[in-house]
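Asker: Here is how the chains run, residue by residue.
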Amino acid sequence: GQQVMQIPQYQHVQEGEDFTTYCNSSTTLSNIQWYKQRPGGHPVFLIQLVKSGEVKKQKRLTFQFGEAKKNSSLHITATQTTDVGTYFCAAGTTMNTGFQKLVFGTGTRLLVSP
Amino acid sequence: DSGVTQTPKHLITATGQRVTLRCSPRSGDLSVYWYQQSLDQGLQFLIQYYNGEERAKGNILERFSAQQFPDLHSELNLSSLELGDSALYFCASSAGLTSYNEQFFGPGTRLTVL
Numbered sequence: 100g101q102q103v104m105q106i107p108q109y110q111h112v113q114e115g116e117d118f119t120t121y122c123n124s125s126t127t128l129s130n131i132q133w134y135k136q137r138p139g140g141h142p143v144f145l146i147q148l149v150k151s152g153e154v155k156k157q158k159r160l161t162f163q164f165g166e167a168k169k170n171s172s173l174h175i176t177a178t179q180t181t182d183v184g185t186y187f188c189a190a191g192t193t194m195n196t197g198f199q200k201l202v203f204g205t206g207t208r209l210l211v212s213p
Numbered sequence: 223d224s225g226v227t228q229t230p231k232h233l234i235t236a237t238g239q240r241v242t243l244r245c246s247p248r249s250g251d252l253s254v255y256w257y258q259q260s261l262d263q264g265l266q267f268l269i270q271y272y273n274g275e276e277r278a279k280g281n282i283l284e285r286f287s288a289q290q291f292p293d294l295h296s297e298l299n300l301s302s303l304e305l306g307d308s309a310l311y312f313c314a315s316s317a318g319l320t321s322y323n324e325q326f327f328g329p330g331t332r333l334t335v336l
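Chains as they are written, first to last, in the working numbering: chain A, 100 to 213; chain B, 223 to 336.
A couple of the hints might just be wrong.
Subject to a maximum C-alpha distance of 30 Å in a straight line, what follows is the list of computed BS3-like cross-link-like pairs (lysine-lysine) [unchecked claim]: (1) A:K156 to A:K135; (2) B:K279 to A:K150; (3) A:K135 to A:K158; (4) B:K279 to A:K135; (5) A:K169 to A:K158; (6) B:K279 to B:K231; (7) A:K155 to A:K135; (8) A:K135 to B:K231; (9) A:K169 to A:K156; (10) A:K155 to A:K169; (11) B:K279 to A:K169; (12) A:K150 to A:K135.
No wet-lab data here; the hints were simulated from the structure. Predicted model only: the values in this text are computed from it and were never measured.
Input sequences plus hints: build the corresponding full structure.
Answerer: This is the structure:
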């Protein structure tokens, strides 16, 4: 089945440093969603990107969808300890049958030291 | 609180046993998804139901089965349990069945097989 890779798998930063995670697919995507899972918690929806080249911001978080709609990135400016968690992208693909499904990426685990 | 409930929160059982995990979706949501998350791993998609019908299957073992009932709650049955089945099992729900629908995750059921 289709795989959606995220890099890095893990990143440890000092509070105040920036952080970026990348999500890559071998096929063209219809949309991409981002989720955050805090330690001991469940994934929570952050945002959805649909258009080629789309950029959306949520406070210190910037989300981008690639021009070819095959990759996406999440950038956090000046990380805080509250940013700790695992960030998942979820890629929307359309099957030959017309059925659409969301495939979750492998996740990037972020650790922030004060 | 996502509005998705899962019971039980924790389950400890022995190899070879059978367990049933239960999920109630958010009010009004017709789609239910089941995911398996092993320790520090990503989200492995198991199966999706929409309005009582199976819509998509992921890497679900033959020992596992699921169903969605007329009241839209869902159950995941795991049988002939093995040590490797120990994991966190998440249920998620969404309003529709396309990849554009945001998924709301429940708190999860932590299964420990001894």
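Asker: Could you check the structure against the hints above and give me the numbers of any it violates, in ascending order?
Answerer: none
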